[in-house]
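Colleague: The lines below spell out each chain.
Number of protein chains: 2
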Amino acid sequence: MSFASIMKPKSVAVIGASTRAHTIGSDLMKRLVEYGFKGSIYPVNPKGGEMLGLKVIPTVDELPDGVDLAVVIVNAQRVLDTVDACARRGIKGLVVISAGFKETGAEGRALEEALLERVRSHGMRMVGPNCLGVVNTHPDVRLDACFAESLPERGDIGFVSQSGALGGGILNILKDLNLGFAQFVSIGNQADINAETALENWENDDDVKQILLYMESIANPANFRKLAERISKKKPILALKAGRSAAGASAASSHTGSLAGADRAADALLKQSGVIRELGLRELFSTAKVFSNCPIPKGNRVAIVTNSGGPGIMATDAVVSHGMEIAQLTDETKAKLKSFLPAAASVKNPVDMIASAPIEHYRQTVETVLADPSVDMVMVIYLPFLGLADTDVADALMEIKAAHPEKPIVGVFMTTSRFFVELADRHVSVPFYMYAEEAVDALARLDMQRRWIERPVGQIPELAVDAERARTIFKAAAAEDRKELTTRESLEVLDAYGVRICRSGMAKTVDEAVEIAERIGFPVVMKMTSKTTSHKTDVGGVRVGIRSAEALRREYADLVEKLEAKGLLDGLEGVLIQEMVEGKREMVCGIASDPQYGPMVMFGLGGVFVEVLKDVVFRLAPLTDVDAAEMVRSVKAFKLLQGARGTTPAQIDRVEETLLRISRLVSDFPAVKELDINPLMISEKSGEPIAVDGRIEIDAAKLS
Amino acid sequence: MSFASIMKPKSVAVIGASTRAHTIGSDLMKRLVEYGFKGSIYPVNPKGGEMLGLKVIPTVDELPDGVDLAVVIVNAQRVLDTVDACARRGIKGLVVISAGFKETGAEGRALEEALLERVRSHGMRMVGPNCLGVVNTHPDVRLDACFAESLPERGDIGFVSQSGALGGGILNILKDLNLGFAQFVSIGNQADINAETALENWENDDDVKQILLYMESIANPANFRKLAERISKKKPILALKAGRSAAGASAASSHTGSLAGADRAADALLKQSGVIRELGLRELFSTAKVFSNCPIPKGNRVAIVTNSGGPGIMATDAVVSHGMEIAQLTDETKAKLKSFLPAAASVKNPVDMIASAPIEHYRQTVETVLADPSVDMVMVIYLPFLGLADTDVADALMEIKAAHPEKPIVGVFMTTSRFFVELADRHVSVPFYMYAEEAVDALARLDMQRRWIERPVGQIPELAVDAERARTIFKAAAAEDRKELTTRESLEVLDAYGVRICRSGMAKTVDEAVEIAERIGFPVVMKMTSKTTSHKTDVGGVRVGIRSAEALRREYADLVEKLEAKGLLDGLEGVLIQEMVEGKREMVCGIASDPQYGPMVMFGLGGVFVEVLKDVVFRLAPLTDVDAAEMVRSVKAFKLLQGARGTTPAQIDRVEETLLRISRLVSDFPAVKELDINPLMISEKSGEPIAVDGRIEIDAAKLS
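Going down the list, the protein sequences come from chains A and B.
The first sequence begins at 1 in my numbering and counts up one residue at a time.
The second sequence begins at 1 in my numbering and counts up one residue at a time.
Derived by calculation from the structure, the hints in this document are not laboratory data.
Any given hint might turn out to be false.
Pairs count within a copy or across copies, as identical chains cannot be separated in the list.
[To be verified] Derived BS3-like pairs: lysine-lysine, alpha-carbon spacing no greater than 25 Å straight-line:
| hint | residue 1 | residue 2 |
| --- | --- | --- |
| 1 | K92 | K233 |
| 2 | K584 | K685 |
| 3 | K334 | K102 |
| 4 | K584 | K636 |
| 5 | K584 | K483 |
| 6 | K562 | K614 |
| 7 | K338 | K102 |
| 8 | K338 | K566 |
| 9 | K55 | K614 |
| 10 | K175 | K209 |
| 11 | K47 | K584 |
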């Protein structure tokens, strides 16, 4: 039994069907019958008798052979027995509407676990529990097994809702917005079937042209990512992920940890999977409307046709703020527009036909602009004036659209909402909006999808790393019961993973010091290590900018001389020779783990004020090369890397590689709980990114 | 003749009245008559005869005595003569609908100037030209002198539109949204009457409770600011200022200049005047709706009552993202809610009454929550389920609102738009929205207005400055035809205006050097000034961190010795002794001038990357103390000033004072075209803000 067959059953049993008004058992039966399910319906209720012209079966055991879907509405306590009874009758698909499971606390959670076990052991698949039901509007199926207020409207959307009540509200609204759907699944507690099941099934289901998700949590983020990344290239996936404000980040000691949090993880996941995230239902529907009615454009150049200047300006503002372009119309186009528009009109984009524009001007102008090769999308603004009928203008646009299906056309009809209510009862092939900004938002989503489709598929590159060396360091710390690695250890782990670290070495003699310095490369810093540290400044314990072996010998001699003079030479244990990284640009990168989403990689502007400026970006590990490239380019500080104001351009490929290497580290060692490289200094000399300081926190329990 | 009397005429002449369908002259006459103007209407048309039951007067000269308003619809070329004729008949108020003026180019602009001169010389006042007309819905007036599609709806909004066509569109929509207005003025080219005239007149007009502005430009920014700042404390002013993307910033050489631009100026102006700026019409109307129906709350704590969990979560997300608080209900409230809500309900905010909530639960829950002293605003979410009628729930809320007018209540009705269309025909006293985010946006505006009302009135403080010293420096530069002041000059101007600059002095001898250093305070930097600069490094030409007179003498002697050894002592001209400002936090402040809005003050995070990070804020000069305090607190970098991560807390009052002093500088000297203080270093020692580098560009033509 698969998800697909739950959505396309030949016969349905409604266990808990009822004749009592305003109950789920009655409402659901009514919908099922009213919407004209193409298969057989078997209401099950101990009272027997008749219901909506159908014979009521008293018990599940009395159901005929071959029923393939059972909708379960009985009390939670009776659900398990019901499932067993269904199994005995060979039913393999379940939609459990009944509430009283995980959502009610520990007892309910146990009941749900028992239910799932039962379902699995019978080889069944289940939607729910605690859900609103399922709908399939395909004319061969016409399954409305849910209890929303309105009958479903046929369309091309596959819709998954995690909230039952909200799902119902949405079904009501969809029709109203001229948005039909192909299939709807209220996943409820998603014990078995979840958003991922739906995604996977809709991938090659031609009846579903776009997928909408309302989610409060993501069952299996890694699996979701794998599926969504692939499927979003074929059809748009829009998601409203609620719970943004839920306290996500717990007390974290690292920068990366303190900037992370569950919502940042969800956001990262959706971004790198090509899912278009909307923050409100209005935006979700607005976007769905444009995908239902428009092709994906070839570019981002927008032409605006209007009969009023003001909205044209507002539309321009919105286009620019989305980073799209105001199309530059060709001279031919302008000449043609001039030939029929009045002198007071403006033939420059936005094309202002002025208030008195008759319907012919709409027609001619839109067609002319559509034909312009420098235009990728057309937005038509209409304000009612002097007797033009709204619906006539709308019809004209729909005719033009039918003749020119290759470029997106959207309409802004700044008229009463009665127009939109009228539209709800008609077949509409152009997305109409009340306000210019909404229409531009919608075009921006088309453009976003275009860019996602054009985005190369990322690869997780092969990288040479020394996992054994890292493991040894982790194990040593774990053996000492330390969660925190020392700076030295942290940098060594990074070095083992090929991250370019600030080089250094301990020397006990001046010859060793020179040897180390020559290996590292000048200039270097020399730091005294002494049991008697109190007089460090007096004797010049830290000497920077040493540029040659000769200078190093001189500084060393001077140090020894000063120590001797103060009688402190005995305390000298040696000197730390460190590469002197000179740079003005401090970046940061790191790892933080979310309990639900797993490890994420962070990148951004570093230094001591990273948490104040928050110019950082997150992506879930493992990163692909494309993820890393996008991360680096998506922070404001990218301009610094490019070499703003006379600085050396950073080796950007090396920055990307650094991110890929720490991503590999946490993939190899899930025990890496948090990691900070701060600063990741951009060398002014070479443009190399160099880890100057690092700290790693491990979860020893996860060490293998 | 005043604006008020144009809006409340006793009799109106329509010059250019017509009987030809779908012309302005016919539509306007129809509206005027149909809406039931309380005074006399005189259509004027050479054809004479009758129109809508009124006698048509052939010429203006034949009008009776005492007509006080003329609506002019004649061809642009005939407008001037018409105005003269009106003057001859003693008419003092004009609404010029006719287009063909400034908006058409140079010729039209000249015509408009001539028109304005004529109007002024006759002692008349004029709305327009190129406008849609005026409306006053007061029952004693009932003036609908415009040609929008719909008759006006009575309400409390005063509405000014700069775009004619858009204004008309808006009038259509307003009714649809249950938004009525008191007065409407389409100011068109705003040759005489503009938004400021309306503001001033509506300040004490009780019929207007809130003011909405659609603007593409602001006639007189300084005057607008003065009026709006005062009036917005009495009634909300909402503005949609279009043209955000218009290329504003021209090629500017300073940081401040390159970050400025006309829209930043407009935004600053609106912010510091207490005007609530909306970026789209939907938001403008949504906000107007909440102000029409809700009192200003006492605080920012929001309670959410819902029958569905999902929208409750979304509302919570939105409340938190606006910086408002989710109210913590008292234990009493929770106990009371528990007493009547079912066990499955959640009595914690958001209060989830669950899908089956009957209307009594809505009633009891909302009343209980309203009574909670820890609740400032209540948001009620309703999704239709199991037979509840939308309008019944709406009526219940309106009854509760009538009984509890002291706290804002908003409704989220996630139902079909038919519900909203039905509302348009009823009297509605609660703002209803379709989506949770819209309702929260609206509550956030109430909260914004609350904070504005509570904001103290700012003062421009008295500051001791040495204007003469600054003037001398400016004049000297102007005399040399220099637009750019040198760093030295720039810092001296700042010093004259009491800005704390990095202190320094030139010394020719070691005694002078010590004297200067003691005046400045140690530590200091010593920089050699020599005709032979090439060997500066070899001899240690720049010596930093000199911490005492003794050390200074030693360094000086060492310098002389090294110069002597190299035979370079002759070249030594002296040494520059500079205060050594040690700080980690580089801020920036400055001045830029917009051709239309005048000088603005900028403040933010400085250093070399100011333009990359753009953590800056602008306000128009002159700044009040409150403006300065808000500026400093509104950048992310404010946390740095407070002493993040172990830095010395900055002297924030001194930072504010610095902004006030440069504001004073540009007020005294409009010739200051651009000014940058970058960095304004926060001293790690004292927390003082110190201007380490400064540059000033002047416009000599403006020097007085």
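Colleague: Of all the hints given earlier, name the ones this structure violates by number, lowest first.
Modeller: 1, 5, 6, 8, 9 and 11
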